[in-house]
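Model the full assembly from the supplied sequences, consistent with the hints where possible.
Chains as they are written, first to last, in the UniProt record's numbering: chain A, 1 to 465; chain B, 1 to 465.
If you are wondering where the hints come from, they were derived from the structure by calculation, not from laboratory data.
Heads up, a few of these hints could be off.
If several chains are the same, the list does not tell them apart, and a pair holds so long as it fits within one copy or across any two.
To be verified - Here are the simulated SDA-like pairs of lysine to any residue, each with C-alpha atoms no more than 20 angstroms apart in a straight line:
#1 398 - 312
#2 398 - 309
#3 196 - 419
#4 323 - 130
#5 196 - 218
#6 323 - 135
#7 217 - 167
#8 398 - 316
#9 430 - 231
#10 398 - 322
There are 2 protein chains.
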Amino acid sequence: MAEPELQTEEPEVEGDEEQAITAALVEAVAETIRTGDAERLRTLAGDLHEADLGELVAALPADLRPGLVELLGEDFHFAALTEVDESVRLELLEDLPTETIVEGLRDLDSDDAVYILEDMEDEDRAEILERLPLPDRVALTRGLDFPEESAGRLMQTDFVAVPPFWTVGRTIDHLREMEDAPETFYEIFVIDPYFKLIGTVPLDRILRSTRNTRIEKILNEDVRSFEATQDREEVARSFQRYNLVSAPVTDPDDRLVGVLTVDDIVDVIQQETEEDLRALGGVMGDEELSDTVVETARGRFPWLVVNLGTAFLAASVIGLFTKSLEHMVALAVLMPIVASMGGNAGTQAMTVTVRALATRELGRRNSGRIVVREVLVGAANGVLLAVLLGAGAGLWFKNLDLGAVIASALIVNMVVAGLFGTIIPLTFHKLKLDPAVASGVFLTTFTDVSGFFGFLGLATWWFGL
Amino acid sequence: MAEPELQTEEPEVEGDEEQAITAALVEAVAETIRTGDAERLRTLAGDLHEADLGELVAALPADLRPGLVELLGEDFHFAALTEVDESVRLELLEDLPTETIVEGLRDLDSDDAVYILEDMEDEDRAEILERLPLPDRVALTRGLDFPEESAGRLMQTDFVAVPPFWTVGRTIDHLREMEDAPETFYEIFVIDPYFKLIGTVPLDRILRSTRNTRIEKILNEDVRSFEATQDREEVARSFQRYNLVSAPVTDPDDRLVGVLTVDDIVDVIQQETEEDLRALGGVMGDEELSDTVVETARGRFPWLVVNLGTAFLAASVIGLFTKSLEHMVALAVLMPIVASMGGNAGTQAMTVTVRALATRELGRRNSGRIVVREVLVGAANGVLLAVLLGAGAGLWFKNLDLGAVIASALIVNMVVAGLFGTIIPLTFHKLKLDPAVASGVFLTTFTDVSGFFGFLGLATWWFGL
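Given below as structure tokens:
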């Protein structure tokens, strides 16, 4: 979908600003897939990291993607599919023979396999699971049984667990012989005969202890573990707050069932902040860069309709003052300024509040303080800006009374902005609704209505219109 | 600064929604500091994780914070200071005796010590460095010499490096004897006699290899390493993209100088997204929840002044049409709707573009496609919303011509919104300016001007006003 004309007009950019997969590489790969030259394709794309391979998949025209997978064969690492947009992944999986998918999934860690399987159609997924070897099938089915967005979906089910009475030497010997160890791991778990978690030992501590040291002597008992059904956002917050690199996952009976590693969590942390950012910008969380015009337009439409409704509400407030506007057209010219400044100041307060709630920096302990602070900030900046606005408007229309009226209306609206910019997200949070999603619409409704009503109402009264 | 009245009125929330440090604990700790009961303080706060201890520090009144540090003594882990807002940290460090700070820093990993020292006054920092033991002083001074926001500032200078001809057995013996190993580590580095990096070996691979395996047989040669002067944002993107847990840092001569671990990088990833989110909301990156009213108001004021300027610009466009407004006051009632819808649709397009640029999902290869897509999305939603708006306005004012005029103006403004919502951030990016910071102001200027001019201009022409 590249636009060659546009691109050749663009100036050169430094290497670090460049995307890893260049347009030239995409073109070369596309050409090679068309000719079916497997050897050349392996030279071009066989050594790519799974993240880069994913970017290549997404950049190729959809009809060539299955060819890439088939021609690369064993050199196509299916983990690349965890790096592409959901729509790209589902379309490609739809086009691939079941056998290819089964082969690809067998080489993956269980968390990656679950990630790829979870959004597929039930029927297709069942067909694939059926053809996987029993142990893989059991592990994946178990992972898929946990709720969406839970720790259980993110966890890796291969891990190393030993009893506390083993020595370091025996543990190391066990590791050397183990067949189904995970690809990489950072700590081992210590369990009792019922598989209940007793503690963890980081690998560096094993390496630094003598062979005859008993595991129970070096284990961490104070472990932050998570339940498999726990929400991944909560888990991510803990990882970030307590600087975790990996953590055990347990079932309701405290038995060890898997391990979470920070590389999966990093993406969750990023996604949650990203979702707030998008929500504040009026964009749905599931919109993707690869979406078509129709998909994108459809996703954004509902929010715009809601905004149309609130805009009509604001207009109806203006409609109350048509007489005043007819007598004094300067009011029409100036009124958007008061509303717009309130909207901007309110958005500042709201942005800070929404994020502090999301990171739990803001809670019951300090919510009172933030409301008071934002109201005072609104008042302070309101007074300063009112001087500028009042003078500007007064001089423009050579009417100092008009300047005084608009200045007063601005101060009121800036206080309203600070108050509702904090109260609205705090209220949503208390109602257990996501404050990022709807706060903006409510806020601008309040600041628009208060801006128009305050200014036009005050002017009508002052000038006796 | 808690507001007890507000809090008692709040309903109970679940434990997971609760902040880790409750108002009750803060009160108990404050009381204990006042009475100077060190033993009780250790019971209350001695076992807290450094992140929770940091939250406690921030929640205490400023004058009690030095007392907490002094009374806890060795049980106050200075890493807690890396978890609090900069203003809280600097104020506390100002109030603590140099000797206490020196003792606290000695126990820290070098990256945490650099983090605490970097924002202090040059004079205070020099005094502290002077009193530290020579090896610590050299390591920290070196870290502080790297540019702000560079990999060198984030890295930890203690690491394990061995020559390639060592065996796994000798490496393990070395680790068991090592005195100054870092607190935790996940891989060891392989270097040549000149300290140049040859490769890395993850700890699990050492544990899984037999004692007589030579390190060169099991090392990763394909290592993602970073230069100490590299920007931390770029480093964070690589960590996230390639799922890194730790990575070596080298000097310009390729010599190993330190190691970066993902726990430090997680915060960078979060901060960079957070900065974009704040910038889009018109809030400066360095604003903190602990800031006072004056600090907050001062930080937000410049952005509001810029917005006042653009609001005047939009008002001056309306000023061109005072005659039309006098003849047809319905125009004044309806005109904010067209401007507001354009602003909202443009913000949607801008939000998506700014983030895709930040994550490098969007680059030269696909920037043409996104502009075209957003213009078409604007046109498509514009047509649909124009039907609603046109019908609504036409019925409200019983004037179908007015409905047709506002419908046409909306379509134009929605296309303008899609075009400038993408073009503005892409242009900032190409000029190597942060697209998140100023895009919003420019965008709403365009959508306001185009909204008012389009609607009032079209109406003036149509109705011959």
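The hints, checked one at a time:
1. 398 - 312: between (32 angstroms within a copy, 16 angstroms between copies)
2. 398 - 309: between (36 angstroms within a copy, 19 angstroms between copies)
3. 196 - 419: neither (50 angstroms within a copy, 58 angstroms between copies)
4. 323 - 130: neither (74 angstroms within a copy, 75 angstroms between copies)
5. 196 - 218: Answer is within: at 18 angstroms inside a copy they meet the 20 angstroms cutoff, but 34 angstroms across does not.
6. 323 - 135: Intra 78 angstroms, inter 80 angstroms, cutoff 20 angstroms: neither.
7. 217 - 167: within (9 angstroms within a copy, 27 angstroms between copies)
8. 398 - 316: between (29 angstroms within a copy, 15 angstroms between copies)
9. 430 - 231: within (18 angstroms within a copy, 39 angstroms between copies)
10. 398 - 322: Result: close only across copies, 16 angstroms inter versus 22 angstroms intra.
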